[in-house]
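Undergrad: Once you've looked at the hints, dock chain B against the given chain A.
Keeping their order, the protein sequence lines are chains A and B. Position 68 of the first sequence, counting from 1, maps to 68 under this note's numbering, and the rest follow consecutively. If you want this note's numbering, it's the 1-based position in the second sequence plus 216.
Keep in mind the hints are simulated off the structure, nothing from the lab. All of these numbers come straight from a predicted model, not from anything done at the bench.
Pulled a few chain A residues facing chain B out of the computed Cβ check, cut under 7 angstroms: (1) ALA3; (2) LEU11; (3) ARG14; (4) HIS15; (5) GLY75; (6) LEU79; (7) THR82; (8) THR83; (9) GLY84.
Derived CB-CB ranges, DEER-like: (10) GLY259(B) - GLU73(A): 15 to 25 angstroms; (11) ALA277(B) - VAL112(A): 51 to 61 angstroms; (12) GLY185(A) - GLY235(B): 50 to 60 angstroms; (13) GLY235(B) - GLY38(A): 55 to 65 angstroms.
Beta carbons: idealized from backbone N, C-alpha and C, even for Gly.
So the chains spell out like this:
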Amino acid sequence: MIAIFLREMRLALRHPAEALAAVLFFVIVCALFPFGIGPSPEALARLAPGALVTAALLAALLPLDRLFAAEAEDGSLDLLLTTGLPPAGLAAAKAVAHWAVTGLPLLAATPVASALLALPTEAWGVAMLALALASAILSLLGTLGAALTLGARRGGVLLPLLVLPLAVPVVIFAAGAIEAASGGGESRPFLLLLGAFLAAALPLAPLAAGAALREA
Amino acid sequence: MQGMAGVLAADDLAARRGGRVVFAGLSLRAAPGDALLLLGANGAGKSTLLRLLAGLLRPVAGRVTWDGEDVAQDTAAHGARIRYLGHQDAIKSALTPHEDLTFWARLRGGDPHAALEALGLLALSELPCRTLSAGQRRRLALARLTLGDAPLWLLDEPTLGLDSASVARLGRLLAAHRARGGIVLAATHLPLPLPDARELAL
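Chain A with its partners taken away, still in its complex shape (with noise of 0.2 angstroms):
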């Protein structure tokens, strides 16, 4: 498993242009709000919980597609699922190093995103730890969903359609953990129980991602 991790973070570096792409996506959506609401900083800092959290989600999916379909292409999933190591262990592998590689740009990115949707500063903590554990789920969920929809046609329309509603109570505590921050509310109920859909998650979405790939 952490073979496999250890490939997926060096094949990311040499070809560093999809883990970019997905953090100027997100940087470039948080750019565009100001456009579309006026740049008055009251009815940005109203919307921007939701939009971090949105944007960020959205972000995440762009690499999902070829996650496994990457994989079956070339013949390396046939082999790695010869090598006798549980399929659930391959899957929780990849959901790792999709985190590493996408979801903790996107946090390094945050503060640019927080800062052009006029965040208050004293919430871009509690920011960046909301969008920590929501892209961890949301790895988890996507390695879950690109198992699923590996081998369909139009795969990469469908894994969003499936992996989307499953995420709306991630955005639903994350941005609230965030609106709380920014209104000098309590954030903490919101970040536990992200850390419990999390706790959660784990174990279960390796391991449907596991048999749907002996499935597939």
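TA: Chain B in isolation, oriented as in the chain A frame:
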């Protein structure tokens, strides 16, 4: 060499692909040192049989056994004893052959350097795989077979794109594998360097 010797058997196998029965009632047996050539027209089910024996597909009927035990019982143990070479070479163009084999050696055991040497890839070991020719890529895929001494080699068109020197090198590799008690099953349309191999027509 743990578990090098073993008997592969398949009883009354049937496989389906895309709703169509590809073959049914197929039985085979391979003892240590055996080589089996799978012959048949395009679409006869040679690749399907290899994927089935590799555990990538489940049979519709029948079962595959190793030393009498159903391989579906313990997929991890079956995975450890097989090396599968598919149609595709499973190469990441951004990695070098050495990195590729180091990765597989971490999963499979064995020495990447020796594997490179066995297929004559040492001179290319630090070049990105995107610069390799089709035959060189095939040699890299073949080099993975040698990692970690597995008893059962399942080869799908192993000589595709190879030059005659490489075919001879593969012949020595296959002979050494069989001398150690290994089994080779190969699907092919081209003559393979496998002396006294049995033929199985599909």
